[in-house]
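These protein sequence lines are chains A and B, in that order. For the first sequence, this note's numbering begins at 728 and goes up steadily by one. For the second sequence, this note's numbering begins at 52 and goes up steadily by one.
None of these hints come from the bench; they were simulated from the model. This one's a predicted model, so the numbers in the text were calculated from it and none came from an experiment. Treat the hints with caution; some may be incorrect.
Some, not all, of what chain A presents toward chain B, calculated at C-beta under 8 Å [as the list claims (entries may be wrong)]: (1) W785; (2) Y1163; (3) R1184.
Chain B is nowhere near these chain A residues, computed Cβ spacing over 10 Å in every case [claimed, not checked]: (4) D758; (5) P761; (6) E778; (7) R837; (8) G969; (9) L1109; (10) R1165; (11) R1167; (12) G1168; (13) I1178; (14) N1180.
We treat Cβ as the ideally placed atom computed from N, Cα and C, and that holds for glycine.
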Amino acid sequence: MTAPMSESTRTIEELTSADYEYGFSTDLETDIAPPGLDESVVRLISSKKDEPEWLLEWRLKAYAAWREMEEPDWAKLEIAPIDYESISYWAAPKQKPVLDSMDDVDPDIREMFDKLGIPLHEQKMLSNVAVDAIVDSVSVTTTFKATLLEAGVIFCSFSEAVKDYPDLVREHLGSVVPVRDNFFAALNSAVFSDGSFCYIPKGVRCPMELSTYFRINSMNTGQFERTLIVAEDDSHVSYLEGCTAPQRDENQLHAAVVELVAKDRAEIKYSTVQNWYPGDENGVGGIYNFVTKRGRAHTDAKISWTQVETGSAITWKYPSVILQGDRSIGEFYSVALSCRRQQADTGTKMIHIGKDTTSTIISKGISAAHGQNTYRGLVKILRSAENARNYTQCDSLLLGKECGAHTIPYIEVKNPTAQVEHEASTSTVGEDQLYYCRQRGMTEEDAMSMIVNGFCREVFNELPMEFAVEAQLVGISLEGSVG
Amino acid sequence: MLHVNNLTAAIGGKQILNDLNLEVGDNEIFGLLGPNGSGKSTFAHALAGRDGYDITGEVTLDGADLLDMEPEARAAAGVFMGFQYPVEIPGVNNMYFLRTALNSVRRARGETEVGARDFLNVSKKAMDLVEMKEDFLYRSVNAGFSGGEKKRNEILQMAIMEPRLAVLDETDSGLDIDALRIVAGGVNALRSPERSMVVITHYQRLLDYIKPDFVHVLVDGRIVKSGDHTLALHLEANGYADFENDLGDASEQSFAGAQS
């Protein structure tokens, strides 16, 4: 549906069209592969990373699969054709690719992360958050690795994991998102460059928050990272990823794959704050964010996705949970903000296989300016899933008259004992709400930010404490530089 | 403190206030009565600065020109409006809202902001005034509040904001007798030499509890009659018919209370 006309529309558009504050680029000496994709590029990536033969084979199989697949025809998205031959599939800052000591990090890279508000000095960081910093295709450093290893937790770049823990990687890679899962997952499987790997052994509660910060820096490159988190029986981990990119007129492709494995009674909490460059107000430039994220929950396990999606020209993303084990739990909490000419088609899939499985979906979509926001969610209850339960709530907030909000739920129930609830609402930020706040002395910007943050409250409450600073979340996109 | 000179207000070409004149002095309570559609709420919104009205005339508060200011600047200058229909803001907790409001006006006035702990003390005192329990602070602003709770919340906000001029727009509507007593008790407790209030109401009922210094009757956007609180009793008995039939020399009858 489309928002009704409102007198406050213009001010709302002014408020929502502020600058993107992470739009700078850093001049790094970069090793870039020539544009285009064929088998030799896949081999080049694999050899650059000095990979074992089995992984090269895996990539080539994926590449062959991708060649035969067709780019999906998006239901609700308008996408300029992507020229896969003009993208460069490998870009790495020229330096030692992985470093254990902060002192070895290239000062330019360190400065870039300081500017992003992610200091890579351990003593300057939040003391309970470990960071894997990824620029373009490679991980530049991972902090607190030693501290984590004392607890038995492995947290490193994907490339290191392939070298140091090949059996773990081989066992789980592609086990949740198969190579042929979809067009972009296949592409990622062929050319993925780096990403993060986490392994939490049996019975261990990870002593700190783990996080990966993704930064696209180079021009005309794609970013294809791969994250794999394995939580053994009775373990617990909370993981957060953040993403930004420079402001450029060309669209850049980001096609990531995230796989989560939660063994019996394990719990994985995965939070995303995605703020890739959204393009300008005319829809020029911005990141195409086509991501496949899925977790498999074994018996009594719990997987919880929380996402705050404020960036990207186009977001296509359905973090999902396969509720395989009995009594497993899947959760999805999402805030998706579409301003300017952004398009977001996002939601989740909850696949109930085990008995007494439970899933909860809370989706908050905010559309402003010319933004288009679609919730697309699948709740699938298989015949085996006795007494499965799902609760879904989709709320849309419209700011202005040119934007749109769409809710497309899919519900497939094969077992009559299932209980499935779906609630949806659409509202606007009323002029009367803004006036009320202003009468109480708040500026229009503060009022808008407060109202929108209030709308997102249920989702923000799910973010790890360290990141639940609301002004830094929706504030960044609604108001540009704050303060 | 408040001067209103030849105030007119129109919305969509429809004239609602006609050359309204009013003077409010320090420490005064005005009752503003009138039939439906007479312009009472428009008057309140004209003072508070709501968008969408075409306004002419002059309104000054302590010498400052209100009509030139944005709503938030008027709030900082000391204007508080108690809303007839308080707005719900889901997901924003009441305490956060109140503290943001208080600190916004303090910042605008160049005063130091109130920290979380001090604010809790301030708000507890204010809550006693309107007989509210502490959990009230942690609920979303007006969301799911009963009619009475919403109005008590308005008085709570007034107690915390400590305005120079409070305009209470039909604060009595939708209240049962107990809530009415609580709201009126709050208003009376907030009387101060530093503060004046305009109490807008349909009925004389509220003025049993809040004894006004002056009563003005607004009909068709003008003040047609002014007097002391006995005027409200007269209206209760006879309705507005007398004034509606006799608008000829209405503007001459509008006059002020004490000069500020």
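So, going through the hints one by one against the coordinates:
For W785/A, the suggested interface contact is broken, since its CB lies about 45 Å from the closest CB of chain B, more than 8 Å. For Y1163/A, the shortest C-beta to C-beta distance to chain B is roughly 4 Å, which falls under 8 Å, so the interface hint holds. Interface restraint check: R1184/A against chain B, minimum CB-CB distance 3 Å, threshold 8 Å, status holds. For D758/A, the requirement that its beta carbon stay farther than 10 Å from each beta carbon of chain B is met, with the minimum near 47 Å.
Interface exclusion of P761/A from chain B stands, the closest Cβ pair being 50 Å apart, more than 10 Å. Taking the minimum C-beta to C-beta distance to chain B, about 48 Å, the non-interface status of E778/A holds against the 10 Å cut. Annotated as non-interface, R837/A keeps its C-beta farther than 10 Å from every C-beta of chain B; the closest such distance is 35 Å. The claim that G969/A is not at the interface with chain B holds, since no C-beta of that chain comes within 10 Å of its own (minimum 23 Å).
Non-interface status of L1109/A relative to chain B is upheld: no Cβ of that chain comes within 10 Å, the nearest being about 35 Å off. For R1165/A, the shortest C-beta to C-beta distance to chain B comes to about 4 Å, within the 10 Å cut-off, and the non-interface label is violated. Residue-level check failed: R1167/A sits 4 Å from the nearest beta carbon of chain B, not beyond 10 Å. Not every CB of chain B lies more than 10 Å from the CB of G1168/A, the least distance being 4 Å, so the non-interface label is violated.
A beta-carbon of chain B comes within 10 Å of the beta-carbon of I1178/A; the shortest separation is about 6 Å. In this structure N1180/A is not separated from chain B by more than 10 Å, as the shortest Cβ-Cβ distance comes to only about 7 Å.
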